[in-house]
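Chains as they are written, first to last, in numbering that gives the first Met the number 0: chain A, 0 to 300; chain B, 0 to 300; chain C, 0 to 329; chain D, 0 to 329.
A few of these clues could be false.
[Claimed, not checked] Here are the simulated EDC-like cross-link-like pairs (lysine to aspartate or glutamate), alpha carbons at most 20 Å apart as the crow flies: (1) Lys-181(D) with Asp-313(D); (2) Lys-283(B) with Glu-32(B); (3) Lys-6(B) with Asp-227(B); (4) Lys-282(B) with Glu-18(B); (5) Lys-260(A) with Glu-226(D); (6) Lys-181(C) with Glu-32(B); (7) Lys-238(A) with Glu-256(A); (8) Lys-238(B) with Glu-201(A); (9) Lys-238(B) with Glu-195(A); (10) Lys-181(D) with Glu-32(A); (11) Lys-175(B) with Glu-32(A); (12) Lys-58(D) with Glu-18(A); (13) Lys-269(B) with Asp-180(C); (14) Lys-8(B) with Glu-293(B); (15) Lys-112(C) with Glu-67(A); (16) Lys-238(A) with Asp-70(A); (17) Lys-175(B) with Asp-70(B); (18) Lys-145(A) with Asp-196(A); (19) Lys-145(B) with Glu-61(D); (20) Lys-145(A) with Asp-36(C); (21) Lys-142(B) with Asp-36(D); (22) Lys-238(A) with Glu-195(B); (23) Lys-309(C) with Glu-105(B); (24) Lys-170(D) with Glu-67(B); (25) Lys-18(C) with Asp-180(C); (26) Lys-6(A) with Glu-32(A); (27) Lys-175(A) with Glu-61(C); (28) Lys-269(B) with Glu-48(C); (29) Lys-146(A) with Asp-70(A); (30) Lys-283(A) with Glu-256(A); (31) Lys-309(D) with Glu-48(C); (32) Lys-31(C) with Asp-13(C); (33) Lys-322(D) with Glu-226(D); (34) Lys-99(B) with Asp-144(B); (35) Lys-18(D) with Glu-48(D); (36) Lys-170(D) with Glu-105(B); (37) Lys-58(D) with Asp-144(B); (38) Lys-238(A) with Asp-196(B); (39) Lys-328(C) with Asp-313(C); (40) Lys-238(A) with Glu-208(A).
The set of hints was computed from the structure by calculation and includes no laboratory data. Since we're looking at a predicted model, the values are computed, not measured.
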Amino acid sequence: MLTELSKEKLQELKLKANEARQLLIGALDAARENSGAGHTGGPLGMADIFTAMYFHVLNHNPQDPDWEDRDRLILSNGHICPIRYVSMAQSGYFPVEELKTLRKFETRLQGHPHRGVLPGVETTSGPLGEGLSQGIGVALAGKLDKKNFITYVLTSDGEHQEGNIWEAAMFAGKLKLNNFIQVIDYNNMQIDGNVEDIMPLEPFRAKYEAFNWHAIDVDGNDIKAFVDAVKEAQAVKDKPVIIIAHTVPGKGISFMENNYKWHGMPPDLKDVEGAPPKGEQVKKAMEELKAEGERIMNQES
Amino acid sequence: MLTELSKEKLQELKLKANEARQLLIGALDAARENSGAGHTGGPLGMADIFTAMYFHVLNHNPQDPDWEDRDRLILSNGHICPIRYVSMAQSGYFPVEELKTLRKFETRLQGHPHRGVLPGVETTSGPLGEGLSQGIGVALAGKLDKKNFITYVLTSDGEHQEGNIWEAAMFAGKLKLNNFIQVIDYNNMQIDGNVEDIMPLEPFRAKYEAFNWHAIDVDGNDIKAFVDAVKEAQAVKDKPVIIIAHTVPGKGISFMENNYKWHGMPPDLKDVEGAPPKGEQVKKAMEELKAEGERIMNQES
Amino acid sequence: MLNPNLKLNPKLFDEDVEKDATRIGFGKGLLKLGEADPNVVALCADLTESTNAHLFAEKFPERFFEMGVAEQNMAAVAAGLGVSGKVAFISSYATFSPGKNWETIRTTIVYNKANVKIAGHHAGVMTGPDGSTHQATEDIAITRCWPDIEVYVPCDSIEGEKATIAAGQIKTPVYLRYSRDKTPIITTPDTPFTPGKMFDFWVSENPQATIFATGYILYYALVAARELENEGINTTVVNASTIKPLDIEGILNYTNQTGAIVTAEDHQVMGGMGSAIAEALAAHNPLPIEFIGLQNTFAETGTPADLIKKYGMDTNAIKEAVKRVIKRKG
Amino acid sequence: MLNPNLKLNPKLFDEDVEKDATRIGFGKGLLKLGEADPNVVALCADLTESTNAHLFAEKFPERFFEMGVAEQNMAAVAAGLGVSGKVAFISSYATFSPGKNWETIRTTIVYNKANVKIAGHHAGVMTGPDGSTHQATEDIAITRCWPDIEVYVPCDSIEGEKATIAAGQIKTPVYLRYSRDKTPIITTPDTPFTPGKMFDFWVSENPQATIFATGYILYYALVAARELENEGINTTVVNASTIKPLDIEGILNYTNQTGAIVTAEDHQVMGGMGSAIAEALAAHNPLPIEFIGLQNTFAETGTPADLIKKYGMDTNAIKEAVKRVIKRKG
Ligand SMILES: Cc1ncc(C[n+]2csc(CCOP(=O)(O)OP(=O)(O)O)c2C)c(N)n1
Ligand SMILES: Cc1ncc(C[n+]2csc(CCOP(=O)(O)OP(=O)(O)O)c2C)c(N)n1
Ligand SMILES: [Mg+2]
Ligand SMILES: [Mg+2]
């Protein structure tokens, strides 16, 4: 059971999330140097959820990443791994400085997450649509072994265009899998544009309900609301649950929010319409994030 | 537009369907001899729909199978091809006697249908889940060429467990494809058992509605009702349509109805619980079908 | 003669030689693994009886997962089980698994190093009447190209059982290839099966050619060797039941003296077992090879016998190939 | 020297040789096909700009289909278009197409003989920082094993355009392989590209070895040949830009004199272009081969240069291989 989220804890989490975004921009700045690439939009949008997971929801031990009773966090949309790496570093899985090796030759922070090279990464991912199934397998192993851990699977909206996801959804519905929670980054963004233009998913909730899931809509950038949603999800015992996290891609950086051009591009790689010129993007982003950090800090405490 | 189905025409179609079942049993009897295998349950259940298609619904010309304005009939669940072959033979695509070559070495009636070897077969199929997409492609070509033909795709319930089907369903919903009608053989049967036990599809209609289709439920062994459903489907212009044809697998032969053991086995191959012994199954089946033929004949006319 | 050290079936060349399908060996091996190790689980995509997973499913229903017709999900769910302490077997027809889930297996099983074994059934044209869509004729090519996976192709039902058990005993991914029809029992329970090692099932004095055969077709190769001996042509016949890791040392040993090779497989020649041997020899000791298998063509509906004959994979075809390759030695 | 008859880029060995990605050639070729033939259509799975299909998409929106992240559906929809008079191009990263839709392509495109071209992008480790899940390193193996398909791997952006156009002009399935990064322009618009024919881009008197290279790696091979010449070692370098149909006559001609071969590809050695050549030579004229490519391993994140070096596919590696293979002759 989740502990209650006190006002102080919530503020702490908000600060962590703000810090996460700053570390993320730093990591992407390095990734651009290391290899000229890196994903920005999705990771920024998911910073609040990753913070909530690593610092409140997950039952885990950074000092013992293979602890057999740990909750499992499976990242299906592997390309947003930079934010997972940030949360892991913040939690103590590895030194924060190592974030600068993102996408560098022979790094543990591979461009897409790879099991085995970095303790705490549960599965290899990158090709979309495969993590929901992998998570179900992990959860089934938990059942067979009579373990109490919960398997959380993070997915994206774009990957819901993959048939594999619906095969998995159907299977979880059949199983009434209840040691398992899916959280989808429902940000209406994919590479070629907005999801609803490229290959619409709406009515999305109706789809999952027709596949025999319990669906919970939530603002994925509201840590408190998200934690409440997880609490609700944990209480559902007769169906698998999906938390539909409505997030803002690029969240926290004015010139990146809701612009799909930032899906797979690190800051300062190119000039982008509506953004500061190349060379000033990292700086501007950090300024905005720092200001937001101050704002949170000053919020009564 | 479909012409009205007169009482006489309906009786004629019922007789055709009865004849189709007899030809089918003959073909499967031969297939067993030719190679020891053949699908029985699905084809029997779909005999009424194939009869309605080939003798009333489809705009086609057996003398000119490649006529460019023909309606297209795409068979996605290729394993039920024996009933397609029967309807084609009855329509004049090839001699009825050729049905005896089903599954014989170097036959045109391949175990699963293969485009190119038998004029009138539109696509190669057998691997499940691929025909809905193929049909969408054919329909799109029709649109590009400003043709008025309709593409009908026949699918099965078992193959709706394939993710490819849901990718296709999502795409057709996006397109609002309206020169295209899916008919699913919703017979609650697959190889390992009943669909609802193996991997449940219910609530099925809700799934398609959530994928932005118009759904029509119908008794797939009632020719009149099926033709009415097609008429309704043709009138829908803002969405793709699926006709959910509730059929009885093994229909018309008492000891085969609703028994999944008959999915992929020809008569007289094995002793089966509840059926006449091996060696008497074909005989008994033919007797039942002939009696039913008489009954139809005597139905006021 | 049949290698006397390998304890092969003494009745192999009898008219009424015992026959069984290699998939039966899968069913038996899986069941034994299940009995020995509670971490063994099995998944099947609506082909439970046909792939013989039903023996396991009936005995261990709580460790068996019916996946319906969904090969991608089957592979990735198995991957999840395989990274969580389970030994997961997935079974379907090989055209569909590893065919429809090729990349799923690549990422979630092979690259991810999940403890999953892929059992591909209905291999080759000997699948027969279902036709080409159901005959897996490229599965060796598309699995042996993956790094680090092992690939076993048992020659008979008894070796099928051993190969299944061997796969369950290593912690990394294995692809297992089985066929549908009954074929002669070549080995006995005492015949060795060692992953990564090829054994010479037929030996003779001063052999003039080496035949590598994989799967049931080994029987035709042995019959060919026996008939050729009567015609005065001595050969070595090797059971290529592990295609990966490739027994390069064995291949070099078995071909060193003969300098001429025939490879026989019910699979496309392109990328298959023969191709693996051609790669190895080109790298170490280039020699002439005649390739028996599908020559860049799909097959069709028919009985196994009809198809094996039409597509040039029977005893006669192998004998002719041996004669051709011996001539090529020059 | 560079073959003077082939009108190759005279500035090839300059420091500032012009560079471009082969995928750019795809975009240009597709656009030209679209302009010439109203039956050409294109489909893409949410990688429109990255695969360069956007040029076509912008010009012919009504003939372009955005499929979202759904490679199986993309392949089978294209098959439906391809049996209905259209010439359908599908594009994605090669790990996903033909990776995630391998069997879909086998049945609905290849066996079904649909007029569809599969454009696989991000080939090889030179894909770089995305890591191994995005680097297609088995795509040649899993496509060349299909009957009747053709497989083209252009060496530069100009040949990429020609290969794309050539694919659009035949009515049967073609697999096209493109890479992501900019690489030197080797050819000119006047250099021949003929499906099924390999050309010798580097010629010399009394060559001692033949290097077959496929894709951008041909550049490294040519540089290697030039450096080797300075060391007194003469070679022939062949552009293996069609892997299927395989130019057996050409291969035999180009190797007849040298009797020693190096194959170079950014792909697994197992089942790749070198494997195809090993098959052909084993069948016709067995010769020693040194294989350059991934040696049974996945790669990782890094810059293309880092990875090409680490995995032994750069100029130095090719030179060493040439020296090794020449030694093996003796
Ligand atoms: C199977 C597969 N196809 C294509 C890709 C390429 N790809 C990477 S991310 C992406 C967009 C997916 O949308 P989403 O995950 O919603 O992206 P985000 O919200 O992070 O922008 C695509 C198509 C992939 N990784 N896997
Ligand atoms: C991709 C794929 N996987 C497995 C099979 C094997 N198979 C053939 S028919 C069938 C059952 C499918 O159910 P359904 O089509 O509803 O069967 P029916 O109602 O005709 O009994 C299966 C699993 C196949 N043909 N294709
Ligand atoms: Mg998104
Ligand atoms: Mg059914």
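Each hint tested on the structure:
| no. | hint | verdict |
| --- | --- | --- |
| 1 | Lys-181(D) with Asp-313(D) | 16 Å, holds |
| 2 | Lys-283(B) with Glu-32(B) | 18 Å, holds |
| 3 | Lys-6(B) with Asp-227(B) | 14 Å, holds |
| 4 | Lys-282(B) with Glu-18(B) | 15 Å, holds |
| 5 | Lys-260(A) with Glu-226(D) | 44 Å, violated |
| 6 | Lys-181(C) with Glu-32(B) | 18 Å, holds |
| 7 | Lys-238(A) with Glu-256(A) | 34 Å, violated |
| 8 | Lys-238(B) with Glu-201(A) | 14 Å, holds |
| 9 | Lys-238(B) with Glu-195(A) | 17 Å, holds |
| 10 | Lys-181(D) with Glu-32(A) | 18 Å, holds |
| 11 | Lys-175(B) with Glu-32(A) | 45 Å, violated |
| 12 | Lys-58(D) with Glu-18(A) | 45 Å, violated |
| 13 | Lys-269(B) with Asp-180(C) | 17 Å, holds |
| 14 | Lys-8(B) with Glu-293(B) | 17 Å, holds |
| 15 | Lys-112(C) with Glu-67(A) | 18 Å, holds |
| 16 | Lys-238(A) with Asp-70(A) | 19 Å, holds |
| 17 | Lys-175(B) with Asp-70(B) | 19 Å, holds |
| 18 | Lys-145(A) with Asp-196(A) | 44 Å, violated |
| 19 | Lys-145(B) with Glu-61(D) | 13 Å, holds |
| 20 | Lys-145(A) with Asp-36(C) | 17 Å, holds |
| 21 | Lys-142(B) with Asp-36(D) | 17 Å, holds |
| 22 | Lys-238(A) with Glu-195(B) | 17 Å, holds |
| 23 | Lys-309(C) with Glu-105(B) | 10 Å, holds |
| 24 | Lys-170(D) with Glu-67(B) | 18 Å, holds |
| 25 | Lys-18(C) with Asp-180(C) | 9 Å, holds |
| 26 | Lys-6(A) with Glu-32(A) | 39 Å, violated |
| 27 | Lys-175(A) with Glu-61(C) | 15 Å, holds |
| 28 | Lys-269(B) with Glu-48(C) | 15 Å, holds |
| 29 | Lys-146(A) with Asp-70(A) | 10 Å, holds |
| 30 | Lys-283(A) with Glu-256(A) | 14 Å, holds |
| 31 | Lys-309(D) with Glu-48(C) | 47 Å, violated |
| 32 | Lys-31(C) with Asp-13(C) | 30 Å, violated |
| 33 | Lys-322(D) with Glu-226(D) | 12 Å, holds |
| 34 | Lys-99(B) with Asp-144(B) | 38 Å, violated |
| 35 | Lys-18(D) with Glu-48(D) | 19 Å, holds |
| 36 | Lys-170(D) with Glu-105(B) | 25 Å, violated |
| 37 | Lys-58(D) with Asp-144(B) | 18 Å, holds |
| 38 | Lys-238(A) with Asp-196(B) | 17 Å, holds |
| 39 | Lys-328(C) with Asp-313(C) | 23 Å, violated |
| 40 | Lys-238(A) with Glu-208(A) | 10 Å, holds |
Of the numbered hints listed earlier, those contradicted by the structure are 5, 7, 11, 12, 18, 26, 31, 32, 34, 36, 39.
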